[in-house]
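K.L.:
Chains A and B, in that order, are what the protein sequence lines are. Position one of the first sequence corresponds to residue 1 (the working numbering), numbered consecutively onward. Position one of the second sequence corresponds to residue 1 (the working numbering), numbered consecutively onward.
The hints are simulated quantities; they were obtained by calculation from the structure and are not laboratory data. One or more of the hints may lead you astray.
To be verified - Only pairs whose alpha carbons sit at most 27 Å apart, straight line, appear in this in silico DSS-like list of lysine-lysine:
| no. | chain 1 | residue 1 | chain 2 | residue 2 |
| --- | --- | --- | --- | --- |
| 1 | A | K119 | B | K121 |
| 2 | B | K321 | A | K141 |
| 3 | B | K54 | B | K39 |
| 4 | A | K234 | B | K121 |
| 5 | A | K141 | B | K4 |
| 6 | A | K316 | B | K140 |
| 7 | B | K156 | A | K316 |
| 8 | B | K163 | A | K102 |
| 9 | B | K156 | A | K100 |
| 10 | B | K163 | A | K108 |
| 11 | B | K39 | A | K78 |
| 12 | A | K141 | B | K163 |
| 13 | B | K105 | A | K316 |
| 14 | B | K156 | A | K119 |
| 15 | A | K100 | B | K4 |
| 16 | A | K182 | A | K35 |
| 17 | B | K156 | A | K102 |
| 18 | B | K163 | A | K100 |
| 19 | A | K78 | B | K247 |
| 20 | A | K98 | B | K163 |
| 21 | B | K247 | A | K108 |
| 22 | B | K163 | A | K145 |
| 23 | A | K35 | A | K331 |
| 24 | A | K78 | B | K163 |
| 25 | A | K136 | A | K108 |
| 26 | A | K114 | B | K125 |
| 27 | B | K121 | A | K78 |
| 28 | A | K182 | A | K5 |
| 29 | B | K156 | A | K108 |
| 30 | B | K321 | A | K108 |
| 31 | B | K4 | A | K108 |
| 32 | B | K39 | B | K220 |
| 33 | A | K102 | B | K321 |
| 34 | A | K50 | A | K35 |
| 35 | A | K78 | A | K102 |
Stated by the list, open to error - Listed next, the stretches of chain A that the computed footprint assigns to chain B, with coverage defined by at least 3 CB atoms under 8 Å from CB atoms of chain B:
| no. | stretch |
| --- | --- |
| 36 | 68-80 |
| 37 | 90-102 |
| 38 | 125-131 |
| 39 | 308-315 |
In this text, a Cβ means the ideal position worked out from N, Cα and C, and glycines have one as well.
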Amino acid sequence: MLLEKLTSACGLPGFEDEVRDIIKAELERHADSIKVDRIGNVIVFKKGKKDSPHIALSAHMDEVGLCINGIERDGTLKFASWGVDSRILPSMHVLIGKDKIKGVIGNKPIHLQKEAEQKQVYGIDAMYIDIGCDSKEEAEKLVHKGDFVAFSSQFVAFGTNKVKAKALDDRVGCAAIIEIMKMDLPISVTGIFCVQEEIGLKGSAIAAQSLDADLVINIEGTICADMEGIEESKRVTTQGAGPCLSLMDMTSIYSKRYLEAIVKVAEDDKIPYQYRRTGMGATDAGRYHAGGAGTPCIGIAVPCRYIHSPVSVMHKNDYENLVKLIEAFIKKGAERVIG
Amino acid sequence: MDTKELLTRMNDVPHVSGYEDELAQVLTDVFSQYTEVSKDKFGNLIARKKGTGKGPKVMFMAHMDEIGMMVSVLCDEGFVKFSRMGGIDARNMLAQEVIIHGREKVYGVIGIKPPHLTSPKEQQKPVELHDMVIDTGYSKAELEKLVKPGDIITFKQELVSLKNDKVACKALDNIAGIAALYCAVKNLEHYNHDADIYFVASAQEEVGCRGGKTATYAIKPDIGIAVDVVFGRTAGLGEHESYELGKGPVITIGPTVTRALFEDLKNTAVKNNTPYQVEVAPSGTGTDADAILITQGGVCTGVVNIPLKYMHSTVETLMIKDVEMTGKLLSDYIISLQDREKEDEKCFWKN
Chain A
1 MLLEKLTSAC GLPGFEDEVR DIIKAELERH ADSIKVDRIG NVIVFKKGKK DSPHIALSAH
61 MDEVGLCING IERDGTLKFA SWGVDSRILP SMHVLIGKDK IKGVIGNKPI HLQKEAEQKQ
121 VYGIDAMYID IGCDSKEEAE KLVHKGDFVA FSSQFVAFGT NKVKAKALDD RVGCAAIIEI
181 MKMDLPISVT GIFCVQEEIG LKGSAIAAQS LDADLVINIE GTICADMEGI EESKRVTTQG
241 AGPCLSLMDM TSIYSKRYLE AIVKVAEDDK IPYQYRRTGM GATDAGRYHA GGAGTPCIGI
301 AVPCRYIHSP VSVMHKNDYE NLVKLIEAFI KKGAERVIG
Chain B
1 MDTKELLTRM NDVPHVSGYE DELAQVLTDV FSQYTEVSKD KFGNLIARKK GTGKGPKVMF
61 MAHMDEIGMM VSVLCDEGFV KFSRMGGIDA RNMLAQEVII HGREKVYGVI GIKPPHLTSP
121 KEQQKPVELH DMVIDTGYSK AELEKLVKPG DIITFKQELV SLKNDKVACK ALDNIAGIAA
181 LYCAVKNLEH YNHDADIYFV ASAQEEVGCR GGKTATYAIK PDIGIAVDVV FGRTAGLGEH
241 ESYELGKGPV ITIGPTVTRA LFEDLKNTAV KNNTPYQVEV APSGTGTDAD AILITQGGVC
301 TGVVNIPLKY MHSTVETLMI KDVEMTGKLL SDYIISLQDR EKEDEKCFWK N
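Chain A extracted, bound-state conformation (with noise of 0.2 Å):
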């Protein structure tokens, strides 16, 4: 399955080989070109039957995780992380580099523990990860300042209709684009994939200045925190109900003329959708929409329970649908309101 390929290859920051080779392999056939830009965003075209409307679709290729910092006399590691909780890195197994090389991150033993310590949560620069080497020089031979460190997980389907994986965000969106670049579309499509994401938007920076779209379609896998025990009012999302269509977030209002026509098309298709209920989030339609001469942009994603962890859970009917509603736009929608 596409899914399970692209979210057991690891795409941190600025090393987001893996995902790009899997991309590239799987659009070669049906492109007429795949081009991979100075930063490294992967930037597929498929000529449509007409050449206007032209619509982009963009997800992001990179994975939240861990950096190796330093490298201790014992021959543990030291790490960075941005964008994840720090409780749940305790007990976490995880994979360091292109190599992969496996390690762990352990704590002190329970039975060990002061009362008044298991009331504090471990901050980063008390843990370390632990990968069996016993001194610094060894450690060096294998892991280097600067490498990437993925979480280790691997894709199980469960539940009723379930999924959990590392990095369903965003790769549910390099997923969708594939699968719907695939298909027989009657107008030009655009496929950006973009590097850099979550750190701060930077692939989409890039790409935003070059593309010559008349609409932006960003992919995502969204936060999602129906769970037990939070209110109705907090949750933002609701897993099966359909694909999640952006309102508005930290660096996008997004485009209503174009909210409305792929409203329009859930609602005569009856494709279920939701509306994502926060302001909270950033994505890459803040380069898109204000960037280069700006792009309008809709924002639609898969709702995602703990994102930026190990075992991310998605709705495989919400993806199935966000797939849909894309293409229903796609082939039905877009002209309607484009041009």
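Position chain B against the provided structure of chain A, taking the given hints into account.
P.N.:
This is chain B only, laid out in the frame that chain A set:
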């Protein structure tokens, strides 16, 4: 089967305290290749390797049970609340994968709210156990057909190989001890020993050394040695409380341990060039030895440990050669008992 293979096989079956049956079955298959195996009423597994009748009755005991959880409540939206079985740091539980052993094996994850919706202040406070839930991906109606309160839950973490002969997984405490017993029985396969040996895989140690009590009572050994794990050395842990991986078995001394047996074990290590370390346990040992000592009018008691980092987590880490050296110490000790009763009428276990 090599040590790592056996550890993998044991790690892959559930064996939470009181629910050790599946592991007991694996061990029946494994040990019955070498000797007779039986299971007692409590759930302990006993492999007896008979001696010539001229030596003492020696019991090696390693506990079978692992830490885990139990289902307490099925919530309205299909999430599962749970209780801990054994000492688990709640801070090690977020984002972990689990298996609920209901009518069938049900996969789940222990989730957490997204960081985007968590204030920096909230991130400075550990999530408490009663606020955690398991996400099984089912609705309550579907889940009720598969899971009920009281079902046991294990962590899902396969055995992973690290550098330098080290491995990491969820239940090395104490499948490592059992693997040491396995090494010992293999070493003694063709040896005609005087001692009558009982290899015991005990049940329910983590919740109070319960199986250790009943097995010792029934066997009534002259010498009882608990084989368990001890804190491995990591940054921040001192020499007085932790032991180095790769430096061999850790022999315990303290009031629980019979001093002559401690000396015997040390001498055996020295004579056979097995490196060893010494742990001081000034009160209890936190192992089955605490039960062995005070059963059947008192048993000569010893403790041999395997150093293990990150105890009671899904990243417990040890070195395979420590397990094998521990097994060798046990078999060498049996060999050292050869002709002892003949040569020394006042052997310490006869008092």
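K.L.:
It remains to establish, for every hint, whether it holds in the given structure.
P.N.:
How the hints compare with the structure:
1. Of the supplied pair hints, the one linking K119(A) and K121(B) holds, its CA atoms being roughly 14 Å apart against a limit of 27 Å.
2. About 23 Å separates the Cα atoms of K321(B) and K141(A), which keeps this hinted pair within 27 Å; it holds.
3. Taking the CA atoms of K54(B) and K39(B), the gap is near 26 Å; set against the 27 Å cutoff, the hint holds.
4. A C-alpha spacing of about 17 Å is found between K234(A) and K121(B), which places the hinted pair at or below 27 Å, so the restraint holds.
5. At roughly 26 Å between alpha-carbon atoms, K141(A) and K4(B) fall within 27 Å of each other, so this suggested pair holds.
6. Taking the CA atoms of K316(A) and K140(B), the gap is near 19 Å; set against the 27 Å cutoff, the hint holds.
7. About 23 Å separates the Cα atoms of K156(B) and K316(A), which keeps this hinted pair within 27 Å; it holds.
8. This hinted pair checks out: K163(B) and K102(A) have alpha carbons roughly 8 Å apart, not beyond 27 Å.
9. The suggested pairing of K156(B) with K100(A) holds, with an alpha-carbon distance near 21 Å, which does not exceed 27 Å.
10. Distance restraint check for K163(B) and K108(A): the Cα-Cα separation of roughly 21 Å lies within the 27 Å cut-off, and the hinted pair is therefore satisfied.
11. For the suggested pair K39(B) and K78(A), the alpha carbons sit about 47 Å apart, so the restraint of at most 27 Å is broken.
12. For the given pair, K141(A) sits about 12 Å from K163(B) by alpha-carbon distance, which is consistent with the 27 Å threshold.
13. For a cut-off of 27 Å, the pair hint linking K105(B) to K316(A) stands: about 21 Å separates their Cα positions.
14. In summary, the hint linking K156(B) to K119(A) is supported, as the alpha carbons are separated by about 26 Å, within the 27 Å threshold.
15. Taken as a hint, the K100(A) and K4(B) pair is honoured in the structure, with Cα atoms around 21 Å apart against an allowance of 27 Å.
16. A C-alpha spacing of about 17 Å is found between K182(A) and K35(A), which places the hinted pair at or below 27 Å, so the restraint holds.
17. Distance check on the hinted pair: K156(B) and K102(A) sit about 17 Å apart at the alpha-carbon level, within 27 Å; holds.
18. Proximity of K163(B) to K100(A) is assessed by CA-CA distance (about 12 Å); at most 27 Å being required, the pair is judged to hold.
19. At most 27 Å may separate the alpha-carbon atoms for a hinted pair to count; K78(A) and K247(B) meet this at roughly 25 Å.
20. About 16 Å separates the Cα atoms of K98(A) and K163(B), which keeps this hinted pair within 27 Å; it holds.
21. As the CA atoms of K247(B) and K108(A) are separated by approximately 20 Å, the hinted pair is consistent with the 27 Å bound.
22. Between K163(B) and K145(A) the CA atoms are separated by roughly 18 Å; this keeps the pair inside 27 Å, and the hint holds.
23. Restraint check: the Cα-Cα separation between K35(A) and K331(A) comes to about 25 Å, which is no more than 27 Å; the hinted pair holds.
24. Under the criterion of a C-alpha separation no larger than 27 Å, the hint pairing K78(A) with K163(B) is consistent with the structure, at around 17 Å.
25. For a cut-off of 27 Å, the pair hint linking K136(A) to K108(A) stands: about 21 Å separates their Cα positions.
26. Restraint check: the Cα-Cα separation between K114(A) and K125(B) comes to about 16 Å, which is no more than 27 Å; the hinted pair holds.
27. With a CA separation close to 24 Å, the supplied pair K121(B) and K78(A) stays within the 27 Å bound.
28. A distance of roughly 17 Å separates the Cα atoms of K182(A) and K5(A); the hinted pair therefore holds under the 27 Å criterion.
29. With a CA separation close to 21 Å, the supplied pair K156(B) and K108(A) stays within the 27 Å bound.
30. Straight-line distance between C-alpha atoms of K321(B) and K108(A) comes to about 23 Å, which keeps the hinted pair within the 27 Å bound.
31. The hinted pair formed by K4(B) and K108(A) meets the criterion: a straight-line CA distance of about 25 Å does not exceed 27 Å.
32. Taken as a hint, the K39(B) and K220(B) pair is honoured in the structure, with Cα atoms around 16 Å apart against an allowance of 27 Å.
33. Between the alpha carbons of K102(A) and K321(B) the distance comes to roughly 20 Å, so the proposed pair stays at or under 27 Å and holds.
34. Proposed proximity of K50(A) and K35(A) is supported: the alpha carbons are some 21 Å apart, at most 27 Å.
35. Distance restraint check for K78(A) and K102(A): the Cα-Cα separation of roughly 15 Å lies within the 27 Å cut-off, and the hinted pair is therefore satisfied.
36. Evaluation of the coverage hint for the stretch 68-80 of chain A: fulfilled, as 3 residues show C-beta separations to chain B shorter than 8 Å, against a requirement of three.
37. Counting residues of the stretch 90-102 of chain A whose CB falls under 8 Å from any CB of chain B gives 6; the rule of at least 3 is met.
38. Counting residues of the stretch 125-131 of chain A whose beta carbon lies closer than 8 Å to any beta carbon of chain B gives 3, which meets the minimum of three for the stated coverage.
39. Check result for the stretch 308-315 of chain A against chain B: holds, 5 residues qualifying (beta carbon to beta carbon below 8 Å, three or more required).
Violated hint for the displayed structure: number 11, the only one.
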